[in-house]
Amino acid sequence: MDISRRDLFKVGGKLLVLASVGATLEQITGAEPASDAYKMADHWWGMVIDIDTCIGCGNCVRACSTENSVPHGYFRTWVERYQIEEGRQPRVDSPDGAMEGFPISTREGLKSFFVPKLCNQCAASPCVQVCPVGATFVSPDGVVLVDDSYCLGCRYCVQACPYGCRYLHPQKQTVDKCTLCYHRITRGLTTACCENCPTGARLLVDFKNPKDPVHEILRNNKVEVLKPYMATQAKVYYKNLDGAVR
Amino acid sequence: MRRLVRDAGHLIRPALILLAGVAVFLVVRSAIVPKAFGQYGHYRPGALGLVRQRPIAYAGQDTCVLCHDDEAKARAAGKHAHVACEACHGALAQHADDPAAHVPQLPDVANLCRRCHEKDAAKPPAFPQVATAEHSGGVACNQCHQPHNPHL
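Residue numbers (my numbering), protein chains in the order written: chain A, 1 to 246; chain B, 1001 to 1152.
In short, the hints are calculated from the structure, not lab data.
Note that this is a predicted model, so its numbers are computed, not measured.
Idealized CB from N, CA, C, for every residue including glycine.
Hints are not guaranteed to be accurate.
Below are the BS3-like pairs computed for lysine-lysine, each with C-alpha atoms no more than 25 angstroms apart in a straight line [what the hints assert, rightly or not]:
| no. | chain 1 | residue 1 | chain 2 | residue 2 |
| --- | --- | --- | --- | --- |
| 1 | A | K227 | A | K111 |
| 2 | B | K1035 | A | K239 |
| 3 | B | K1035 | A | K111 |
| 4 | A | K239 | A | K111 |
| 5 | A | K39 | A | K208 |
| 6 | B | K1073 | A | K239 |
| 7 | A | K227 | A | K208 |
| 8 | A | K111 | A | K222 |
| 9 | A | K208 | A | K222 |
| 10 | A | K39 | A | K211 |
| 11 | B | K1079 | B | K1119 |
| 12 | B | K1035 | A | K39 |
With beta-carbon atoms standing in for the labels, derived distance ranges [stated by the list, open to error]:
| no. | chain 1 | residue 1 | chain 2 | residue 2 | range |
| --- | --- | --- | --- | --- | --- |
| 13 | B | P1055 | A | D52 | 30 to 38 angstroms |
| 14 | A | G200 | B | Q1053 | 25 to 33 angstroms |
| 15 | B | V1139 | A | G164 | 36 to 44 angstroms |
| 16 | A | C154 | B | A1110 | 42 to 50 angstroms |
| 17 | A | M40 | B | V1024 | 31 to 39 angstroms |
| 18 | B | A1100 | A | R91 | 25 to 33 angstroms |
Sample of chain B residues with no beta-carbon within 12 angstroms of chain A, all distances over it, derived [as the list claims (entries may be wrong)]:
| no. | residue |
| --- | --- |
| 19 | R1013 |
| 20 | L1048 |
| 21 | D1070 |
| 22 | K1073 |
| 23 | H1080 |
| 24 | A1100 |
| 25 | P1128 |
| 26 | N1142 |
Excised from the complex, chain B in its bound form (with noise of 0.2 angstroms):
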C-alpha cells in the first residue's frame, strides 16, 4: 500500500503538467484569438472592417456631374451617353476631393479612341468600329469627332 502511494506520483505529477500546459494554452489562446472571431464564419470580423477601409481612386459618374454639368449634358444627347466619364479621363478621386490641387491631364486620343473603336473581328459586329490607318491616315479622332457627342 506504501508503495503504491509512493508511485502514484508518477502519474499525479504528469498529469499536474498536462493540466498546467492545457491551462497555460487555454489563457494564451483567449488572449490571442480575437474576442469577436467567429461571429460571422471562422474567421476575424475585423478583416471587413481593413477592406472597407480602403481608398477609392475613381470618384464614380454621379461626382462628375456635380460640377461638370455642361460635359454632361453634351455627353448624354450623344452615343457616349453610357460611357463613365472616368472612363477616358482616368481615376479622378483626389480630384474631386481637392479640384484645385489635383488638375487632371486631358486624355491621350491617340490611343484612348483605338482602344475600343479599331476593327477587330472579335468585337460584336454592331459596336463601331473602323481600320484607323485607313479612316483618318493619322489625323487625330477629335479633329473631326467630339469626343463627348462623337458626331461629326
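Only chain A is shown next, with the shape it has when bound in the complex (with noise of 0.2 angstroms):
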C-alpha cells in the first residue's frame, strides 16, 4: 500500500480527534442518579454536634476513614482539643487528627474541650463559588459533593474553604472531602461517624423533616455555626459552642 507522508497526516489527526472525543464522551457521560425511592427534593441535610457530649475517642475519624477510604494523613472528619487558659491564647491539638484519640491532658485547671470538625455542608458555599469547571457543587438535598470526573485538580477549593475541610486527593489527583456520607444517607442509613459516635455527640438531620429531632434541638439549645460572620450559611451546628473555637 502506498500512503503519502500527507495522506498519513490527514487520516492520523482525524483519528485523533476521534478518538479523544470519544474518551472524553466516556468519561463523562456516566450514571445519571438512580430514579427509586429516595427522592432529593425530599431532603435538607445537616449536623448536629454536641461539644459538651464529645470525648475525643477519635471513632469518627476511625470510621470515616475506614467507609471512605481516605489516604493516610488526610482527614474528611478529625477532632481538636481545645486547652484554654485565661487570657491567653486557646491550645488547640489534634495529633493525627484524632485517629487514635488524644495523649492524655496533664495540665489541671485548664478549661479544654473536644471539637470534632467536617465539611460544614454549606448552602452558600464559597468552594462551590470559585470552582472554574462545575466539579463541586451543592446537591438538591444540601450536601456539598466533587464530581471527580470534572474536577481538574486546580485547587481553588481548597483554598477557599474556610474551614479547611478540602484536601487534594494523593492518588486521584482530584479534591477529595466530607461526602455526608451520601451513599450511605441516600440509602437510609446515617454517616458513618454518627453510626460510630459511641456517645451521640454527632447527629445527622434533615431539616425538611418535621419529625426529626433537629427542630426540637434548635428550638430548646444555644447553637452556633462555626465561623458564622463567613456567610456560608453552614449547616453544621454546634450545640454549646465556646467563642474561641476557629
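Given two chains presented individually in distinct reference frames, assemble the corresponding complex, making use of the accompanying hints.
Here you go:
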C-alpha cells in the first residue's frame, strides 16, 4: 500500500480527534441518578454536634477513614482539643486528626473540650463559587459534593474553604472531601461518623423532615455554626460552642 | 464599484471562517457537554449517581441486631445501650453480606476501652473515666467488666 506523508497526517489527525472525543464522552456521560425511592427534593441534610458530649475518642475519624478509604494523613473529619487558659491564646491540638484519640491532658485547671470538625455543608458555599469547571456543587438535598471526572485538581476550592475541609487526593489528583456519607444517607443509613459515635455527640439531621429531632434541638438549645461571619450558611450546628473555637 | 466588490472578499472570507469556527464550537460543545448538565445547577447530575454508587463499609446497627439478638439484649440493658456494635467491633458490612466468608476479629480490649474511658481533663466530667494504670494495674478491662453491659 502506498500512502504519502500528507495522507498519513490527515488520517492520523482525524483518528486522534475521534479517539479523544470518544474518551471524553465515555468519561463524562457516566451514570445518571438512580430513579428509586429516595427523593432528593424531600431532604435537606445537616448535622448537629454536641460539644459537651464529645469525649475525643476518635471513633468518628477512624470510621470515616474506613468507610471512605481516606488516604493516610488526610482527613474528611477530625477532632480538635482546645485547652484555654484565661487571658492566653487557646492551645489546640489534634494528633493525627485524633485517629487514635488524644494523649492524656496533664495540665489541670484549664478550660478544655473537644471539637469534632467536618465539612459544614454550606448552602452558600465559597468552594462551589470558585470552581471554574462545575466540578463541585451543592446537591438538591444540601450536600456539597465533588465530581471526580470533572475536577481538574486546580485546588481553588481547597483555598476557598474557610474551614480547611478539602484536600487534593494524592492518588486521584482530584479534590476530595466529606460527602456526608452520601452513599449511605441516600440508602437510609446514617453517616459512618454518626453511626460510630459512642456518646451520640454527632447527629445527622434532615431539616426538611418535620419529625426530625433537629427542630426540637434548635428550639431548646444555644447553637452556633463555625465562623458565622463568613456567611456561608453552614448546616453543621454546634451545641454549646465556645467563642474561642475557630 | 468594481473595486469595492473585489475588496469585499477581505471581509467576507474572515467572516465565513469565523462563522465556521463558531459552528464547529457549537457542534463539539453539544457533543461533549452531557445532555442533563445544568438540570439542578452548574454541574453534571450524573455525578450524584457516581457518588451514590460507592460501597458501604459499616452495615449499621439495625443490620447487626437482625442476627445477634442476645448481644443486642444484653447491651440494651446496660450503659452501652447507645453504642453501636461497629463502634467497637469495626466495619462489618462484608460480614453482614456473607457471614461465613468474613469472620470478624475480636476487638483489642487494651486499646479499645482506654480510648473512651481514660481519664482526661477535656472529657465531660459526667462521663465515666478512670486512670487505667491506677484503676486496674494492667489487668484487661474485660476480666472484670462485661463489655456489652459493663457492670461489675
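Do the hints match the structure? See the list:
For the hint pairing K227/A with K111/A, the CA-to-CA distance comes to about 21 angstroms; that is within 25 angstroms, so the pair holds. Using a Cα cut-off of 25 angstroms, the hinted pair K1035/B and K239/A is violated, with the two alpha carbons roughly 43 angstroms apart. The suggested pairing of K1035/B with K111/A is violated, with an alpha-carbon distance near 55 angstroms, which exceeds 25 angstroms. Between K239/A and K111/A, the direct Cα distance comes to roughly 17 angstroms. Compliance with the 25 angstroms bound is thereby established for this hinted pair.
Distance check on the hinted pair: K39/A and K208/A sit about 12 angstroms apart at the alpha-carbon level, within 25 angstroms; holds. Pair hint K1073/B plus K239/A does not hold up; C-alpha atoms about 31 angstroms apart against a cutoff of 25 angstroms. Using a Cα cut-off of 25 angstroms, the hinted pair K227/A and K208/A holds, with the two alpha carbons roughly 24 angstroms apart. Taking the CA atoms of K111/A and K222/A, the gap is about 19 angstroms. The hint holds against a cut of 25 angstroms.
A threshold of 25 angstroms between alpha carbons decides the hint, and for K208/A with K222/A the separation of about 21 angstroms falls inside it, so the pair holds. Simply put, K39/A and K211/A have alpha-carbon atoms about 17 angstroms apart, close enough for the 25 angstroms limit, and the pair holds. Distance check on the hinted pair: K1079/B and K1119/B sit about 18 angstroms apart at the alpha-carbon level, within 25 angstroms; holds. Distance restraint check for K1035/B and K39/A: the Cα-Cα separation of roughly 21 angstroms lies within the 25 angstroms cut-off, and the hinted pair is therefore satisfied.
Between P1055/B and D52/A the Cβ separation comes to about 35 angstroms, which falls inside the hinted range of 30 to 38 angstroms. Take G200/A and Q1053/B: their Cβ atoms lie about 29 angstroms apart, and the range 25 to 33 angstroms holds. In this structure, V1139/B and G164/A meet the distance hint of 36 to 44 angstroms, their C-beta atoms being roughly 42 angstroms apart. C154/A and A1110/B have their C-beta atoms about 45 angstroms apart, which keeps the hinted 42 to 50 angstroms range intact.
Under the hint 31 to 39 angstroms, the C-beta atoms of M40/A and V1024/B, about 36 angstroms apart, fit the expected range. Our hint of 25 to 33 angstroms for A1100/B and R91/A is violated, since their Cβ atoms are close to 50 angstroms apart. Distance to chain A confirms R1013/B as a non-interface residue, since its nearest Cβ pair spans about 23 angstroms, more than 12 angstroms. Chain A draws L1048/B into its interface by the beta-carbon criterion, the shortest separation being 5 angstroms against a cut-off of 12 angstroms.
Every Cβ of chain A is farther than 12 angstroms from the Cβ of D1070/B; the closest lies at roughly 21 angstroms, confirming the non-interface assignment. No beta-carbon of chain A comes within 12 angstroms of the beta-carbon of K1073/B; the shortest separation is about 19 angstroms. Its closest Cβ contact with chain A, about 8 angstroms, brings H1080/B to no more than 12 angstroms, contrary to its assignment away from the interface. Every Cβ of chain A is farther than 12 angstroms from the Cβ of A1100/B; the closest lies at roughly 22 angstroms, confirming the non-interface assignment.
Under the 12 angstroms C-beta cut-off, the non-interface status given to P1128/B relative to chain A is violated; the minimum distance is some 10 angstroms. The claim that N1142/B is not at the interface with chain A holds, since no C-beta of that chain comes within 12 angstroms of its own (minimum 16 angstroms).
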